[in-house]
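Peer 1: Each protein sequence line maps, in turn, to chains A and B. Sequential numbering from 1314 applies to the first sequence in our numbering. Sequential numbering from 217 applies to the second sequence in our numbering.
A few of these clues could be false.
What the hints assert, rightly or not - A partial selection of chain B residues facing chain A, derived with a Cβ cut-off under 10 Å: (1) 357; (2) 358; (3) 359; (4) 361; (5) 362; (6) 367; (7) 368; (8) 371; (9) 372; (10) 376; (11) 383; (12) 386; (13) 391.
What the hints assert, rightly or not - Across the chosen pairs, the derived CB separations fall in these ranges: (14) A:1317 / B:356: 26 to 36 Å; (15) A:1404 / B:598: 33 to 43 Å; (16) A:1357 / B:373: 27 to 37 Å; (17) A:1338 / B:594: 50 to 60 Å; (18) B:403 / A:1383: 41 to 51 Å; (19) B:377 / A:1325: 23 to 33 Å; (20) B:465 / A:1359: 56 to 66 Å; (21) B:636 / A:1383: 44 to 54 Å; (22) A:1404 / B:448: 51 to 61 Å.
Hint data in this document are derived by calculation from the structure and do not stem from the laboratory. A virtual CB, placed ideally from N, CA and C, is assigned to each residue, including glycine.
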Amino acid sequence: MDKHVLLIEDEPNIIEAIRFILSREGWKVSAHADGTTALDVIRQARPHLVILDVMLPGQSGFDILQALRSEPGLETLPVLMLTAKGQGRDRDLADRYGASHFMTKPFSNAEMLQEVRHLLGQGA
Amino acid sequence: MPRNALTGTRIRERRVLIGLRQADLARAAGISPSYLNLIEHNRRRVGAPHLKAIAQALGVDPAALTEGAEAALLQGLRAAAAAAQPPVLPEIDRIEEFAGRFPGWAALLATQHGRMAQLEQAVERLTDRMTHDPHLSASLHEVLSALTSVRSTAAILADTEDMEPVWRARFHRNLQADSERLAAGAEALVAYLDASAEEETGLAAPQEEVEEWLAAQDYHIAALERPGATVSEPPGGVLATASARALARDHLAQYARDARAMPLAPFRAAVEEEGPEPGRLAARFGVDVPAAFRRLASLPEVSAGLVICDGSGTLTFRKGVPGFPLPRFGAACPLWPLYQALSRPMVPIRALVEMAGRVPQRFLCYAFCQPAHPQGFEGPQVLQALMLVLPLPAGAVGPLQGVGVSCRICPRAECPARREPSLLAAG
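Chain B extracted, bound-state conformation (with noise of 0.2 Å):
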């Protein structure tokens, strides 16, 4: 077990060491199954009387668990001194004694630091509404024209003393005409910003719901895997916003037809015939590439990472693992095969890696990028690539990739794609 591990990845190993189902350790524990996930996946902080509670399920004492959990709490401080502004400069080279000595203050800090990161996008996400949205744009026009006529008409009507019936009609005319499209335009306006109230000033983007409602199932899903399952309708209450529903239901009706390609019993066969290699598992059952790195991902046995990224670079879809820690926001390590793979399309990348931090952890990664032609030869060619990060098997050989998370907070100090300076003391 590597020495920086999270709580919640030793509790997961500790439970599949002595063949504990999750549900019994919860039910054990006195927790749900799915806050039990999502601590197991680190994605939820285990209080001191639940972890008390799981560490005797487990027969194991408190400490065994939390011994070194303080990496999760680091990772956030090192991000928070990342984003100081001079003068302001923290002690980067004693964040550890500091983590040490006020575990309170530290937490707090960090947590401070991640909430202010959510409002900042919150902020950008509604400047950008505010100044590029063309439906409200449309919408103000619609009424404010309709509010010039009905103005200008009204006032002729009443100041004009001495107006020809066949004028006064026409105007009247124009005045109900003009007073009905001003209702019609406020109400929509309304609709839409009632609407955009909703649905903007939530502080988890779409993208995060859904991968927290995701990672609630270790991203298999269960009801799609029964063969003849049809797609259901995502669930409104975990996923609060419309675009993280419509995220979803994509999701949803790719995994279904991953799912009908490749059968869950078959799949899983071949997979402890073949091991988990997408390509060989792509040519087994006919399906393209990027089909195997998700139907891989959906196997909770096979604790696979993936990262999916647009032809931007920008990252559509995140599934980590623990010690490849993923960015929240902004762009990721330059070095990540998943950006050779996108510079290369249909070149299969396979490649080691180690990941930087304070104990250098190391996965294999497979990475693919597959062009489309949505709209065929005349339109444009819309890319995406692909990576899938396991744990390394023993015995695997090749040259090492030196990768971090994100050049801000990357030790690495010689890196030669580096785009920013690092603010981490080295090591």
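Chain A on its own, in the form it takes in the complex (with noise of 0.2 Å):
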């Protein structure tokens, strides 16, 4: 079965070339661009990986993945944190609030595949 990788993030360039790498390993890729929304798209989609961007119009990356964290069914859905500030204080509320990994941006696209292929259990 095709693994469902949904893509929180609102720079259509970068959803763009996130999901040409990502989508060339076989995976299916969907992207959504609005923080407010995410919570019922993830509910709805059941993803099997969720790309977290922080910074999103509406609502942030973190209150997404608390609300996530605290529904039944979504606990322990992977979801990698995406934050263009690399700083420790990203880090500790990423950590806190469960994500499963956290990316700097700007990533590498190997850096990338690497860590999708490791959260969706695939190994290297």
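Mind assembling these two chains? They're in different frames, but the hints should get you there.
Peer 2: Okay, structure coming up:
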């Protein structure tokens, strides 16, 4: 079965790049740009992995992560947090709210691929 | 003349006594009128050669002008002592002996303390800026976002050999757009950091720059006193930062409004008749009370100090008078009538005060607080309180309120409003 990756990110060109590199590996990639409706989209789509940006219009990635972790059935969903601010504070918050992994922008494509593979349980 | 009057004050008093104009004394002493003005307001220390020339022009012995001039130095030393941390314990009770025996070292210590306080302020401002500046944060985010896309897209183009032309073209377009965005973002960031280097490494806070500029003209802006005068741009040379120029611009605009409502000649005549009583003057000219406060402070002959604070008690305007020092940084004395006014908006307050010091000096204060609602009924109430500090008129009677400058350097041991211990020996 194709693994489904849901990308919550508001930069169209970043979406396009990530979609390209992940699709090429055979994964199904969908994207959503709005923070306020992200949780509904995750509930409906039931992806295998969420890539979640921190700075989103409407609602921050941290809020979405918190809501997600308190929702039955979504507590263990793998979440890869993306942030343009690599400071310790964001990393700490991501840890505390239960992100599976944390990656700073600008990331390398190889790094992204490796981490997604790892989180989808496919090893390198 | 009070025993502890500062040199500048003595020069001014002597000059007025013999009916010499400031410009004439400056010419006789070979210094610029604006420099003399700073000296007379105790804003500049007068050096020995200038002092000699001034004393000669005034026909007095230089010593007559400097006797007791150590008051400012002593205040500086007390402020330095107040900031000392244990186990460093300056011998505060021997502070005058120290200043007398080692005037050079004492001056150095006081000057360095002032400099240190300025630097601490500058560091605080810069830290604030780095951690809380939304513009900086947004610019960095923009640059990092564009860079993320560029890096990822460029790697795709470099690593993918069998890419369909349609995709290749699309990624090239993205790359092009993002590199434009990156360039613009980086440019904005550099411009911003450049501007803030100019703005924020200046050690004087914008408010201090404006105060120096106003003090140099004795808070009287002659150019705005002519009928039909229009507000011109504040001078860029004296006011180095954009924030200071913005403050000065607001001040000039308000000054012009006040001068229109209370033209100089009729206002002077009214002060002559009524005395410097802001309530009656406001009623006579049909203006609000704060306007009369400001207008009185713009007349050099009234010798009025003026302090203005906002609803948090922060001083937003400071025009000092000799004998009534204003704190450079931090909060002032909670017993100032200014703060009583702040807690009782629209109630006029008149109080006789005695400023603590070696030789306590007495003043007449008027204070008033006016609420404003710039955003109408729905918006917040914005408070502004003002206090006018006038020389005590002969024969003024009433209860005397003891006040100080600021708790840490105030000698009043038994003060009910004290917020922190004084580090001064009493007296």
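Peer 1: When the structure is checked against the list of hints, which entries are broken? Sort them ascending.
Peer 2: Hints that this structure does not satisfy do not exist here, as all of them hold.
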